[in-house]
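Student: Each chain is listed here by its residues.
There are 2 protein chains.
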Amino acid sequence: MEIIKGGVCAAKGFLAGGIHCGIRKNKTKKDLALIYSENRASCASVYTTNKVKGAPLTVTKSNIADGYAQAVICNSGNANTCNANGIEIAERMCELTAEALKIDKTDVVIASTGVIGQPLSITPIADGMDKLVASLGRDNSRDAAEGIMTTDTRLKEIAVSFEIDGVECKIGGIAKGSGMIHPNMATMLVFITTDCAISPKMLKRALSTDIASTFNMVSVDGDTSTNDMVTVLANGQAGNTLIDSECESFDKFMKALNSVTVYLCRCIAGDGEGATKLLECEVSGAKDEANARIIAKSVICSSLVKAAMFGSDANWGRILCAIGYSGAEVDVNRVDVSFKSAKGEIEVCKNGAGVDFSEEIAKEILLEKEIGIVIKLGDGDGHSVAWGCDLTYEYVKINGDYRT
Amino acid sequence: MEIIKGGVCAAKGFLAGGIHCGIRKNKTKKDLALIYSENRASCASVYTTNKVKGAPLTVTKSNIADGYAQAVICNSGNANTCNANGIEIAERMCELTAEALKIDKTDVVIASTGVIGQPLSITPIADGMDKLVASLGRDNSRDAAEGIMTTDTRLKEIAVSFEIDGVECKIGGIAKGSGMIHPNMATMLVFITTDCAISPKMLKRALSTDIASTFNMVSVDGDTSTNDMVTVLANGQAGNTLIDSECESFDKFMKALNSVTVYLCRCIAGDGEGATKLLECEVSGAKDEANARIIAKSVICSSLVKAAMFGSDANWGRILCAIGYSGAEVDVNRVDVSFKSAKGEIEVCKNGAGVDFSEEIAKEILLEKEIGIVIKLGDGDGHSVAWGCDLTYEYVKINGDYRT
Chain V
789 MEIIKGGVCA AKGFLAGGIH CGIRKNKTKK DLALIYSENR ASCASVYTTN
839 KVKGAPLTVT KSNIADGYAQ AVICNSGNAN TCNANGIEIA ERMCELTAEA
889 LKIDKTDVVI ASTGVIGQPL SITPIADGMD KLVASLGRDN SRDAAEGIMT
939 TDTRLKEIAV SFEIDGVECK IGGIAKGSGM IHPNMATMLV FITTDCAISP
989 KMLKRALSTD IASTFNMVSV DGDTSTNDMV TVLANGQAGN TLIDSECESF
1039 DKFMKALNSV TVYLCRCIAG DGEGATKLLE CEVSGAKDEA NARIIAKSVI
1089 CSSLVKAAMF GSDANWGRIL CAIGYSGAEV DVNRVDVSFK SAKGEIEVCK
1139 NGAGVDFSEE IAKEILLEKE IGIVIKLGDG DGHSVAWGCD LTYEYVKING
1189 DYRT
Chain Y
789 MEIIKGGVCA AKGFLAGGIH CGIRKNKTKK DLALIYSENR ASCASVYTTN
839 KVKGAPLTVT KSNIADGYAQ AVICNSGNAN TCNANGIEIA ERMCELTAEA
889 LKIDKTDVVI ASTGVIGQPL SITPIADGMD KLVASLGRDN SRDAAEGIMT
939 TDTRLKEIAV SFEIDGVECK IGGIAKGSGM IHPNMATMLV FITTDCAISP
989 KMLKRALSTD IASTFNMVSV DGDTSTNDMV TVLANGQAGN TLIDSECESF
1039 DKFMKALNSV TVYLCRCIAG DGEGATKLLE CEVSGAKDEA NARIIAKSVI
1089 CSSLVKAAMF GSDANWGRIL CAIGYSGAEV DVNRVDVSFK SAKGEIEVCK
1139 NGAGVDFSEE IAKEILLEKE IGIVIKLGDG DGHSVAWGCD LTYEYVKING
1189 DYRT
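These protein sequences, in sequence, are chains V and Y.
Per my numbering, residue 789 is the first one in the first sequence, and the count goes up by one each step.
Per my numbering, residue 789 is the first one in the second sequence, and the count goes up by one each step.
A few of these clues could be false.
Pairs count within a copy or across copies, as identical chains cannot be separated in the list.
Said to hold, decoys possible - Straight line, CA to CA, 20 Å or less: simulated PhoX-like cross-link-like pairs of lysine-lysine: (1) 1164 x 839; (2) 1040 x 992; (3) 1164 x 992; (4) 793 x 893; (5) 1043 x 989; (6) 1157 x 1040; (7) 1128 x 919; (8) 1151 x 1185; (9) 839 x 1138; (10) 839 x 1075; (11) 893 x 813; (12) 849 x 839; (13) 919 x 813; (14) 817 x 919; (15) 919 x 793; (16) 817 x 989.
Simulated from the structure, these hints should not be mistaken for lab results.
Just chain V, with the same shape it has in the complex (with noise of 0.2 Å):
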């Protein structure tokens, strides 16, 4: 497996563009995104559980009940959620999608971000969509990849090359993050595009089983939001034998989905709204993985924890307090912590209790952009990783005004 350019142009037979068409205000900023296969492929979606839903992940998901799809229209600036005319809107984008495409409606894929609750208007949608279409290109990923972005302060977008039968294959994607992000069973806005030949129930178990230990791990501000959704557009280009069961060809492209969604997370987590560092939490020694999670992911979302790591403060107690109130089950007196960084790793807990280290070495370890968090438990082999940011005052900037 290699990293190759291209984001989700990298695969065979896919187009991506992005234009300004003004739904935002901000004339500098893309707010429409389009990707295109060349011929209709696989497709898998999850989405959020929330059930407030934005009405283009209903729209999604009936147009994609048979399996497939060849376009993904995206725009920013309006999540068209708490919308009364929220489904006639995403019904007609789609429309004016697959008549400028010249495909069928029902193998458009729509997403939106931005605002909840304020009307999304058609017009600027319809007067941009020539435009749009025009912008495709085997080299616009980053087009797309700008025109979903909303607080994100960085484009995001991977791809990477596989083998398959002797075959080679490409993956591709491209994501939105920064706030309302903790994912439950799906989320985020994330678009992956490959030629590998994949059926569609195939894919979507690829997608599910990946999602567990990746999207569901992050988290940015513990708000799940209500129009997250990540979809897998799958063409066939690259010529392999189809994937329509469990085989080796199956955990290759399983392997190669994973490299580009945990690539993407730690994109999102890094990324997160008002962020200066990633956080990652590896749990190890857990009873089993679904008591790692619990705890990787209820350490990376504590405000208290995600305030100290801001400080640079090897605050190790509120660690062990947010995986005492986890919920997990857990022998706390045989909980080890260390700090971890490209500076070294420190260890300022063992069995529960503090143990004696240079605050000096764990402020440099935290000063870096990029911090471990590694918890040693001894109550079975279950593990699990976890993504997460540290709390800023930017964070509060942003979103202590974001409408106005």
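Based on these hints, arrange chain Y on the given structure of chain V.
Tutor: Same frame as chain V, now just chain Y:
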């Protein structure tokens, strides 16, 4: 029922005091508090559900297993949690207190609050015990309240008088709050005293019932502390007929207790770390009380709602979002939301969708210091209130560098 002065000394037969003994570096801050009843009192406590528990809680639980206590000692500046010698130190504190007061060491309730995982030296406590006992007085509830404060900016104290069988009873309490506040089944440090005659069994029942709708409905930062505890002492000096079953007098006692606990809840939420505003979320029309509680708590725990309130931004979409991911059974298409304060009330969402409203008037309402978030559902007659605070720069500042 009438609000009176005196805090934990309002009820007959109780003395309180507080001193600086040297646990905290800042000599102007008291760090040791004592409450004393002239006779053995019925005693009930509830404790944090965090699996990482402060040693003082374990010792208290054992001491009051017989339902009685005569004194409460509490230090701030150190939580005595995650320390290898925690139990030993907590037991020694009880012994020293008992010797100085000439009472049984198993009649002492002990609590500690402050940093987790730093050994607590017995020396300043032993050296300060005579001074602490000398500080006891009928007018010194405020000294005890100061002695248990950590990052609290305001002293928290209340008392009320009420009548049972024509006999005047009094009940009062002190509390500390501020950070690591997300009570679950019990929590925070709250000490309540009453001269009402009530059996240990009924006192326990009153407290356990009350906290479900009071302290368990408060959250500052989502972190359930390791050291929280609510204790009530009832010494019977008012002279009413002993309450030892569910009767009219018990109901009156419950009502008086509730007026003290609700007041202290509001104090704790409004003085949350960094808070500029008290948030009160009232949910009505939920399927049942349990669902109402889940929703109210989810809304006041949302970082995005909290930050919006800091910015006086009527971003109701975040409230819908928090209702949607709360896990409660709710028809999201029948949710109405209003904001209210001393400046008036404004409806912003009706049947799950936005209504036209004046952003200017909404801003004026939200600029106040006490904000009501009023949620009406169409699912039944479940009702609940939760209390929280806004998320501010100051919260990040306080917690980015708490230890050093």
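Student: Going through the earlier hints one by one, which of them does the structure break, listed in rising order?
Tutor: 3, 4, 6, 7, 11, 15 and 16
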